[in-house]
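So the protein lines, in turn, are chains A and B.
Mapping to the numbering used here: the first sequence position 179 is 284, numbers consecutive.
Mapping to the numbering used here: the second sequence position 44 is 1273, numbers consecutive.
Worth double-checking, as some hints may not be accurate.
[Said to hold, decoys possible] One side of the interface only, derived from the structure: several residues of chain A facing chain B at Cβ under 10 angstroms:
1. Phe132
2. Ala202
3. Tyr208
4. Ala231
5. Gly249
6. Pro308
7. Ala309
8. Ser346
9. Gln367
[As the list claims (entries may be wrong)] According to the in silico footprint, chain A covers these stretches of chain B (three or more CB under 8 angstroms from chain A):
10. 1291-1304
11. 1455-1463
No lab work stands behind these hints: they were computed from the structure.
Computed from a predicted structure; not experimentally measured.
Just so you know, even glycine gets a beta-carbon here, dropped at the ideal spot from N, CA and C.
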Amino acid sequence: MTVHMVSDPTTLASTVSGGRKSRDVIFLIGLWVAMLLCTATLLTLLVDTFVTGRSKLTWAFLSGHPDPFPEDAGIQSAILGSLWVVIPSGLGALFVAICTAIYLEEYTRTDSRIQKFINLNIQTLAGVPSVVFGILGLAFVARGPLSWGFTVGTAAMVLGMMILPVMIVAAREAIRAVPSSLREGSMALGATKWQTIRRQVVPAAVPGIATGSILGVSRALGESAPLIMLGALAYVTFNPSGFGDYYTVIPLMIFKYATEAQTEFQVSAAAAIIVLLVMMFALNFLAIVIRDRSRKAW
Amino acid sequence: MASTFTTEPTESGPLSPLVDLLPSGQKRRQQTYERIIRVVLTMVASVAVVITLGVVASLVQPTYQFFQEVPFGDFFGSTKWYPLFDPPGFGVWPLVVGTFMVMVIATLVAVPGGLATAFFLNQYASDRTRRYLKPILEILAGIPTVVFGFFAVTFVSPNVAQKIWPVGEVGFYNALSAGLVVGIMILPMMTTLAEDAMASIPRSLVEGAYALGATRREVCTTVIFQAALSGIIAGAVIAISRAIGETTIVLLASGSNAEFTFNPGQAMQTLASFIGFAGIGDQPTDSTGYRTIFAVGSLLFIVTFVLNMVSIRIVRKFREVYE
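Chain A with its partners taken away, still in its complex shape (with noise of 0.2 angstroms):
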């Protein structure tokens, strides 16, 4: 029975036919339905935001202050709060993503009780709503046992340990491409093991953590709900100085100006989101050139 069905071409196309083939083109709609989905909403909120926001985005609405009244609003200062919050956050949460990876893919053996017990914490963690991190900084960096109030270190510290998980995971995967080959030749050669990691592992792994890293960094950036619960939803009319200083972030003020009820700030917070993209953009382009510029196959 196999064999002229198989033997035969013509014989394969006309079991295509009928009920088969209006199934398959059906079928094909509903997919390019799903593509034009994705495709037309993300055109749709870009060009929508464009449109809507590009006559606000003008010097005075950049060095500008947040302001209640629409016409002087600006985002000067959440532009820079935005910069104190996020590189001391990237730098921190990097320093310890890339410890932990180390740990994890030098220091401990696959699949030992210590490591399964620190993945399942990363995973946890990795899975935790941003919301709860914001509880977490309430109740423990904001008040509690630090009380750092509504600062931009507390902002700092919180969205630290937000992108931690991504951070590491972005780490491990990039010390993990490094080839075997590479440690044992330095081995061979009478470095220690730390020296192997610092001088050879760690160098080698640089554009694999760089690019997750920075994408960790965007997503510091654009995060709003945790920030919510810790008092940067304000009108902040000065730029921080310090980590014990009062501070709002961009996307803190485009949820401000959207929830105002006069429709001339939703100009404001369009113009505001153009902004944040173009930060992103520019991040994930950095990511992107990182990325390419090392490709080296091993």
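Given chain A, work out where chain B should sit, using these hints.
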């Protein structure tokens, strides 16, 4: 590959021959240094564990206190939720139903949409189409939630939700637009996870089906779908857990009225969006209202934690099948 390298290290032996040749004082210093490094790395690696414990610890005590003040029966046995008013109501059901409604709408968008996109990428797309589609998904995945929220309020609510909903009026704030946009937000994640599952199917299975004369649709809906099913389910569970935890989109698009209703045209509050909402108004630290945040946070944490564990379990089982 790492395991070949990790077989009990530092001390001495064949792995560090030069250290053996060093004068004994220097060798000892070298070894002490290596040991210190190891301790430091272990300590830093435990930061992730400490943070996880911190999340749990931050929730436990205020939640316990909350249930000292508000009986368990009130929390789970009532449908009146206005914890920050006077007199307060502490029935959590409106939030649970709101969370459920937003989740269902988001799932209806993201699971079929993500699955279709994954099928397309896996079986239909040419390399060129892939090159366009992948970045679109990546950009979509990188859009901040507050931007999605703004889009939900200013575009989806007036232009989509209020137009397509057949029954009754759709308010300015509504769960429908929140759910639709949350669905779009989790769609790239659903696509990636489903496509990963599809890509890990042995090629022989797929090619066998084509050799027997199956069309692409039949390969997708029978062989690929069934072989990747556990991975697809695991991905859907993770995506749903993300939808449940989403705060900003829901807060912006669905308002802050905890209405007990199943009508998606109305404003609703979810567990997550309540936390955000209560966090805006600076609650006095030592009040029942403040502790409500933690009680709802505990509930949210438990729900998402369970979903994540379920997903990890499914993935683990799935791996055993093919390896």
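Consistency of the hints with the structure:
1. For A:Phe132, the shortest C-beta to C-beta distance to chain B is roughly 4 angstroms, which falls under 10 angstroms, so the interface hint holds.
2. Interface restraint check: A:Ala202 against chain B, minimum CB-CB distance 9 angstroms, threshold 10 angstroms, status holds.
3. For A:Tyr208, the interface hint holds, since its Cβ comes within 10 angstroms of a Cβ in chain B; the closest pair sits about 4 angstroms apart.
4. Contact between A:Ala231 and chain B, as hinted, is supported at the beta carbon level, the nearest pair being about 8 angstroms apart and thus within 10 angstroms.
5. Here the hint on A:Gly249 is kept, as its CB sits about 8 angstroms from the closest CB of chain B, short of 10 angstroms.
6. Checking A:Pro308 against chain B: minimum C-beta separation of about 16 angstroms lies over 10 angstroms; hint violated.
7. Taking 10 angstroms as the C-beta cut-off, the interface hint given for A:Ala309 is violated, the closest approach to chain B being about 13 angstroms.
8. Hint status for A:Ser346 relative to chain B: violated, with the closest Cβ pair at about 24 angstroms, above 10 angstroms.
9. Interface restraint check for A:Gln367: the shortest CB-CB distance to chain B comes to about 13 angstroms, outside 10 angstroms, so the restraint is violated.
10. Residues of the stretch 1291-1304 of chain B lying with their CB closer than 8 angstroms to a CB of chain A number 1, which falls below the three-residue condition for coverage.
11. Residues of the stretch 1455-1463 of chain B with a Cβ under 8 angstroms from some Cβ of chain A number 0, which does not satisfy the need for three, so the listed coverage is violated.
Violated hints for the displayed structure, listed by number in ascending order: 6, 7, 8, 9, 10 and 11.
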